[in-house]
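Protein chains: 2
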Amino acid sequence: MSDAKELESNNSMRLGEIGLNNFAPYLMNRIMGRYNVSLREEMAALGLTTPKMRALAVLSVIDGILLRELAVFAVVELSTLSRALDALEADGLVRCQTDTSDGRARRVCIADAGREAFDSLWPHMSENYERMFVGIEREERRAFVGTLQKMLANIRKHDF
Amino acid sequence: MSDAKELESNNSMRLGEIGLNNFAPYLMNRIMGRYNVSLREEMAALGLTTPKMRALAVLSVIDGILLRELAVFAVVELSTLSRALDALEADGLVRCQTDTSDGRARRVCIADAGREAFDSLWPHMSENYERMFVGIEREERRAFVGTLQKMLANIRKHDF
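Protein chains in written order, with numbering that gives the first Met the number 0: chain A, 0 to 159; chain B, 0 to 159.
Next up, chain A with everything else stripped away, as it sits in the complex (with noise of 0.2 Å):
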């Protein structure tokens, strides 16, 4: 069957024929049900809430982005992220300062604190995140992330 015919007929399947367990957005939201809630208990313990871990996570990697900018990486909603970092900002975890062109704008710097509190949390990510993929060889987990980097980029607003 041609790529165009499948996408047609699963067009007008519905979810109880497709099945859950063959239902991708399902499994997806189950995995990362699972993961949020295995890293709670290790966030809480540090103070952090989701959209806190969250915006550090991405600040470990690339410091010093706008804030409408970690909204997209972070997955936060901008009103949610704001609220998040005023209180990173008070912890000492994080700096916020106005952009230099543009007034409006604010970017975000992680503090040594904050990268102090991600990377205790980061042995916790990174096992759980080894824990999805147990028994998974090297090469099915190289094509499990290029499929999704390829889904990234049908559904993405954003070219980041």
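If you are wondering where the hints come from, they were derived from the structure by calculation, not from laboratory data.
Among the hints, erroneous ones may be present.
With a cut-off of at most 25 Å between alpha-carbon atoms, the simulated DMTMM-like pairs for lysine to aspartate or glutamate come out as follows [unchecked claim]: (1) A/K156 with B/E139; (2) B/K156 with A/E126; (3) A/K156 with B/E129.
Where chain B lies over chain A, by a calculated footprint (3+ residues, C-beta under 8 Å) [what the hints assert, rightly or not]: (4) 12-26; (5) 49-62; (6) 80-90; (7) 99-113; (8) 142-148; (9) 151-157.
Far from chain A, some chain B residues (derived; all Cβ distances over 12 Å) [said to hold, decoys possible]: (10) G18; (11) L45; (12) S81; (13) R155.
As the structure is a prediction and not an experimental result, all values here were calculated from the model.
Glycine included, C-beta positions come from ideal geometry on N, C-alpha and C.
Assemble chain B onto chain A, guided by the hints.
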């Protein structure tokens, strides 16, 4: 490199070394974030929220399950799900009943109006789902879903 060896070496890698774009949980979060946002308008038009929509989606496939099972399948916390079901029941979209064998357990059935609500949302879900997979051939999709199934089996707490 053996799988065990790779796990070990990954465990000592930092997120910046793996790279956000190679880190499966990051990619999955970005993708599911867009998927959920893209459904928000259609859900709102039907008076649905994400927890309500997920409950109806699951019930459209597996009807008459226990509340605690529905919470696992729908990836919604029990307290949030309870509130969502109260609202769905008040709107006549589901019916809740006490389990015949366990008086403390609550069973949830989808009502005709609930099925209709989900049926009018499904074309949008299906369209968003297909958009994710544009340009991804049938075999690659199948392999991707297969990897997701293994990942869920690795990390789930329940036998379903």
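Here is how each hint holds up against the structure:
1. Our distance criterion of 25 Å between C-alpha atoms is met by A/K156 and B/E139, whose separation comes to about 24 Å.
2. A C-alpha spacing of about 16 Å is found between B/K156 and A/E126, which places the hinted pair at or below 25 Å, so the restraint holds.
3. Proximity of A/K156 to B/E129 is assessed by CA-CA distance (about 16 Å); at most 25 Å being required, the pair is judged to hold.
4. A stretch counts as covered by a chain when three or more of its residues have a beta carbon under 8 Å from one of that chain; for the stretch 12-26 of chain A and chain B the count is 13, and the coverage holds.
5. Coverage of a stretch by a chain is defined here by at least three residues with a beta carbon nearer than 8 Å to that chain's beta carbons; for the stretch 49-62 of chain A and chain B the count is 6, and the condition holds.
6. Given as covered by chain B, the stretch 80-90 of chain A fails the check, having 0 residues with a CB less than 8 Å from a CB of that chain where 3 are the minimum.
7. Against chain B, the stretch 99-113 of chain A contributes 0 residues with a C-beta closer than 8 Å to a partner C-beta. That does not satisfy the three-residue criterion, and the hint is violated.
8. Interface restraint, the stretch 142-148 of chain A with chain B: holds (6 residues with C-beta to C-beta distance below 8 Å; minimum three).
9. Counting residues of the stretch 151-157 of chain A whose beta-carbon sits less than 8 Å from any beta-carbon of chain B gives 5, enough to reach three: the coverage restraint holds.
10. For B/G18, the requirement that its beta carbon stay farther than 12 Å from each beta carbon of chain A is not met, with the minimum near 7 Å.
11. Every C-beta of chain A lies more than 12 Å from that of B/L45, the closest at about 16 Å, which supports listing it as non-interface.
12. With a minimum CB-CB distance of about 17 Å to chain A, B/S81 clears the 12 Å threshold, and the non-interface call stands.
13. Distance check for B/R155 against chain A: the nearest CB is about 6 Å away, which does not clear 12 Å, and the non-interface claim fails.
Of the numbered hints listed earlier, those contradicted by the structure are 6, 7, 10 and 13.
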